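Q: Given only the sequences and the hints, what does the whole structure look like? Please build it.
Protein sequence lines, in the order shown, are assigned to chains A and B. Each residue of the first sequence is one higher than the one before, counting from -13 in the working numbering. Each residue of the second sequence is one higher than the one before, counting from 1235 in the working numbering.
None of these hints come from the bench; they were simulated from the model. As the structure is a computational prediction, the values presented were derived from the model and not from experiment. C-beta atoms are modelled at their ideal positions from N, C-alpha and C, and glycine is treated no differently. Each hint should be verified, as a subset may be incorrect.
[As the list claims (entries may be wrong)] Footprint (simulated), chain B over chain A, 3 or more residues, beta carbon under 8 Å:
#1 72 to 85
#2 193 to 205
#3 211 to 221
[Stated by the list, open to error] Listing some non-contacts, in silico: residues in chain B with all C-beta distances to chain A over 10 Å:
#4 Phe1277
#5 Tyr1296
#6 Ala1427
#7 Met1481
#8 Ile1568
#9 Leu1572
#10 Gln1582
#11 Leu1597
#12 Ala1646
#13 Asp1694
#14 Phe1715
#15 Gly1798
[What the hints assert, rightly or not] Computed spacing ranges between beta-carbons, pair by pair:
#16 B:Asp1483 to A:Arg19: 55 to 61 Å
#17 B:Val1403 to A:Val193: 41 to 47 Å
#18 B:Ile1493 to A:Arg84: 55 to 61 Å
#19 A:Leu150 to B:Gly1486: 51 to 57 Å
#20 A:Arg19 to B:Arg1417: 53 to 59 Å
#21 A:Pro204 to B:Gln1747: 55 to 61 Å
#22 B:Arg1476 to A:Gly215: 55 to 61 Å
#23 B:Ala1437 to A:Trp17: 39 to 45 Å
#24 A:Gly215 to B:Ser1312: 36 to 42 Å
#25 B:Leu1545 to A:Gly215: 53 to 59 Å
#26 B:Ala1437 to A:Arg84: 36 to 42 Å
#27 A:Pro204 to B:Gly1615: 40 to 46 Å
#28 B:Arg1417 to A:Pro204: 22 to 28 Å
The chain contents come next:
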Amino acid sequence: MTVTLAILSITLGLVYTSYGIMTIVDMARGWRRYGFSHFGMAWIAMAFTCGPHHLEHGLHLLSGNRPAGPLELVAVIVGFPAGVIWFLLRVEAMSGGRGDRVLADSFRPVRWLPYLFGVYGGGFLVATVGVLVRFEQFPPMVASNLTLVVLYGLIGWYLLRTQLKTHRASGAWSLSGIALTIVFPTCALMHAAWAAYQVAGRYEADVHTVIIDWFAVPAAAYFLWVFRGLYAGTVRDWNEATDRTEREPALV
Amino acid sequence: MDKSVVSECGGGVIRRGPSPAAREFDVAAALLVARSRVLVVTFFTLAAALAFEEATHPALQYTLAFAGLPLSVALALSADRLRPTACGAMGAGIDALILAVSLVTFPEAVATIAAAFLVPLLIASYTGGRSLGLATGGVGLAIVVIVAAAGGGSLSPEVGLLMAIAMVVCIAVVSRADQLLARSTRRARFHEARAGILFEHLAEPVVVTDACGRMKQCNGAARDLLGADPAGVACADALGLRIGSIMVDCTGGCGILAIAGSRDSGGVEATAYPSGSDPVPVLVSVVEVPGSDGSEIEYLHTLRDITKLKLADDAKTLFLATVTHELKTPLTVIRGFLETIDRPDLDQELRVEAIGVMRRRALELSSIIDRVLLASRIDSGRLELDVVVVDVVPIARDRVDALAGATGRAIALRAETFTPPLLGEEAALATILDHLIDNACKYSPVEATIEVVVEFGDDDVQITVCDEGDGMTAEQANHCFDRFWQADPTSRRKVGGSGIGLFIVRSLVESLQGSITVDSAPGQGSRFTIRLRRADVSADIRLGETDAPTPERSIVREFMRQIGIDIRETIQ
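A: Following this line, the structure appears as structure tokens:
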């Protein structure tokens, strides 16, 4: 269990960190054309907190510093395919491809997804309560995890709402959107599991985790602010940016 | 749109003035604040006067009574005319004075007064911006700290720190709210300007009249139609609409709507008699709209000039008559010969000749029908040409030989020894040449020679068909490619034709991305020149492949699109 969790965590860490680098490259490319992007910056902030967070977890597990909790393993297993699919689609987009797949309503797995996720989320919460029954302490360091549960949960909720809205309008699902919608609540559940294990005395917070998690809080808050602002129209970003580069006249 | 036209119904007065501007809200807020400040100044002046005997700083109290109070009244009376920054600065100065007097008079209430001071601080931030807010807040805090220190240190460091944080948060919140307000104002202005531009540049004339039948607003197309800006003029004078011979009466509301009997007239055919202009047949549609003030009803008239439609309708009627005549002539011949060959005593030689005539006439009928069908396909946009690399000289030679044989006319072909291939379609080129040569045959004397010349330039191949016929005037040459058009309608009976041949030629040439010109003068014949792209130098040689550049991909923008954020692309 420990090795599996460690390998999955390290892979996810590399994936998210790579995405951060890709976004930096994209920001640098588009800077002259569109100016600064809050959305891009928020993603960079998220990628460089989530990525190192997973890397740190994996490395600590491999070095034997702490045991692996089953709830954490479940969360990572559920989040892993969604995260990797989403990342591969981003890679495809960056290399000039579509960066997404449209899933028709008739695609059976999508229809089952809400039920499966409901069972998973419900079971996870029950198991978390089971862990919390063995309450030993309430270390202040848990606060960052709890804040992240709320922030990631909110982001997940907004993403879900958007996906439902898009589906109502188009009658189809976006694979990229669904993947991301799964990633955020799973991250929230993983932080909930971590907090539960800490409260139950199973995990001990180390300084690396605490530092990274406290960096993750403003990053997630920034992301949430940008995300909501883009939908509300209060944040101006690359979606409505003016192309400031001079166009060469067409040859024909 | 900074300007709008407003009229008053009774006097028909037109005035131009600023539309509701973005400052409206700021002015209202500034007035409210300034009037509230008068109350506060009055209250503190009275309170300070009552506590005057124990006052430690009477000069401040005098300043408040003899400068702060009148200044605040002056500000309340003129806040709507002052610049927002000046208004904010003056108000902030008075607020600081109030704060100082209240603190020195009632030092024990320092925390409460300082907290209350956040209100004017917010106002200063709102009206004067972040800098003024910070300046006011800083001065206010300094006064609080100094007074507290002078009064024995009743302000704890924690309270001071909290107040500073509260001040910064307040300024940030207000500044953000102001930013959002400014953004919505900009958007509102943008949409207003956009609506104004759309209205002004609508191709259809649009006129707005008031309930009394007076013109309130009209766009550029309407001004062109009516000859001048008719704002304020009575509808009957400016438009002079008539349905048949009945004048539309708009004095008691819109006459068109009264006739239609509803709030939306739909299309009503009428004739406009603008003053000083010729009558114009128009399709009028009127709809009731709320007035500028939200209560008065106004009428939005859309006037579609249907002169061209009428002309086209007339032309179509003439075309039908001509085509019917064209079809009837060979049919009559065929019918006559059918009756002839039905005779049992007819000579075999004559029977064979009759059948030959009938075959030729049947082919003629088929040709007329093909032409009409082709024109119909062009009209409906269903003409699709498969553009390929074509050698034009053999096609031209083939058509020249065929038509010379069929008409018995002298048709010469002159082509360069080596003519490069062009981008076209074989059948379309044959049709173009057939129509042009046929046209030349019709309008030139029988003994005259018709010449077809194929030449080439750096980028194109030119095909010219010259005749020595009647020629055309410049006006006729301008219209010769119009559908159903003929130089002289009376010549239809003489030379035949339905007026669609040259229309087909131009449509086919344009479909091949070429051009056609005519050079003609009365009595000097006509010279039609077609220019088509040379295949060997054309950039579009790889047909069917898209040369569109791949748009620059951004994963950030791509991702925004996927999660449902509206992407709007604008280019400076």
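Q: Now tell me if each hint is right for this structure.
A: Going through the hints against the structure:
1. Coverage of a stretch by a chain is defined here by at least three residues with a beta carbon nearer than 8 Å to that chain's beta carbons; for the region 72 to 85 of chain A and chain B the count is 5, and the condition holds.
2. For the region 193 to 205 of chain A, the proposed coverage by chain B is not satisfied: 0 residues have a C-beta within less than 8 Å of a C-beta in that chain, short of the threshold of three.
3. Residues of the region 211 to 221 of chain A with a Cβ under 8 Å from some Cβ of chain B number 3, which satisfies the need for three, so the listed coverage holds.
4. Every C-beta of chain A lies more than 10 Å from that of phenylalanine 1277 of chain B, the closest at about 38 Å, which supports listing it as non-interface.
5. Even its closest Cβ contact with chain A, about 48 Å, leaves tyrosine 1296 of chain B beyond 10 Å, as expected for a residue assigned away from the interface.
6. Annotated as non-interface, alanine 1427 of chain B keeps its C-beta farther than 10 Å from every C-beta of chain A; the closest such distance is 17 Å.
7. In this structure methionine 1481 of chain B is separated from chain A by more than 10 Å, as the shortest Cβ-Cβ distance comes to about 51 Å.
8. With a closest Cβ-Cβ approach of about 52 Å to chain A, isoleucine 1568 of chain B is found to remain outside the 10 Å limit, as its non-interface label requires.
9. With a minimum CB-CB distance of about 57 Å to chain A, leucine 1572 of chain B clears the 10 Å threshold, and the non-interface call stands.
10. Listed as a non-interface residue, glutamine 1582 of chain B keeps its Cβ farther than 10 Å from every Cβ of chain A; the least gap is roughly 65 Å.
11. At the 10 Å boundary, the C-beta of leucine 1597 of chain B stays outside the reach of chain A, the nearest C-beta of that chain being 42 Å off.
12. Non-interface status of alanine 1646 of chain B relative to chain A is upheld: no Cβ of that chain comes within 10 Å, the nearest being about 37 Å off.
13. Taking the minimum C-beta to C-beta distance to chain A, about 15 Å, the non-interface status of aspartate 1694 of chain B holds against the 10 Å cut.
14. For phenylalanine 1715 of chain B, the requirement that its beta carbon stay farther than 10 Å from each beta carbon of chain A is met, with the minimum near 26 Å.
15. At the 10 Å boundary, the C-beta of glycine 1798 of chain B falls inside the reach of chain A, the nearest C-beta of that chain being 4 Å off.
16. The beta-carbon spacing between aspartate 1483 of chain B and arginine 19 of chain A, approximately 60 Å, falls within the hinted interval of 55 to 61 Å.
17. Checked against the hint of 41 to 47 Å, the pair valine 1403 of chain B and valine 193 of chain A fails, with Cβ atoms roughly 31 Å apart.
18. At about 57 Å, the beta-carbon gap between isoleucine 1493 of chain B and arginine 84 of chain A stays in the expected band of 55 to 61 Å.
19. Against the hinted window of 51 to 57 Å, the Cβ-Cβ separation of leucine 150 of chain A and glycine 1486 of chain B comes to about 54 Å, which satisfies the hint.
20. Distance hint for arginine 19 of chain A and arginine 1417 of chain B: a CB-CB separation of about 22 Å, inconsistent with the stated range 53 to 59 Å.
21. As the Cβ distance of proline 204 of chain A to glutamine 1747 of chain B is approximately 59 Å, the hint placing it in 55 to 61 Å holds.
22. Range check, arginine 1476 of chain B to glycine 215 of chain A: Cβ separation about 57 Å, and the 55 to 61 Å hint holds.
23. Between alanine 1437 of chain B and tryptophan 17 of chain A the C-beta distance comes to about 41 Å, which sits within the given range of 39 to 45 Å.
24. Distance hint check for glycine 215 of chain A and serine 1312 of chain B: the Cβ-Cβ separation is about 38 Å, which falls inside the suggested range of 36 to 42 Å.
25. For the hinted restraint 53 to 59 Å between leucine 1545 of chain B and glycine 215 of chain A, the CB-CB distance of approximately 56 Å keeps it satisfied.
26. Look at alanine 1437 of chain B against arginine 84 of chain A: about 39 Å separates their beta carbons, and that is inside 36 to 42 Å.
27. Taking the beta carbon of each, proline 204 of chain A and glycine 1615 of chain B are about 58 Å apart, not inside 40 to 46 Å as hinted.
28. Between arginine 1417 of chain B and proline 204 of chain A the C-beta distance comes to about 25 Å, which sits within the given range of 22 to 28 Å.
Violated hints for the displayed structure, listed by number in ascending order: 2, 15, 17, 20, 27.
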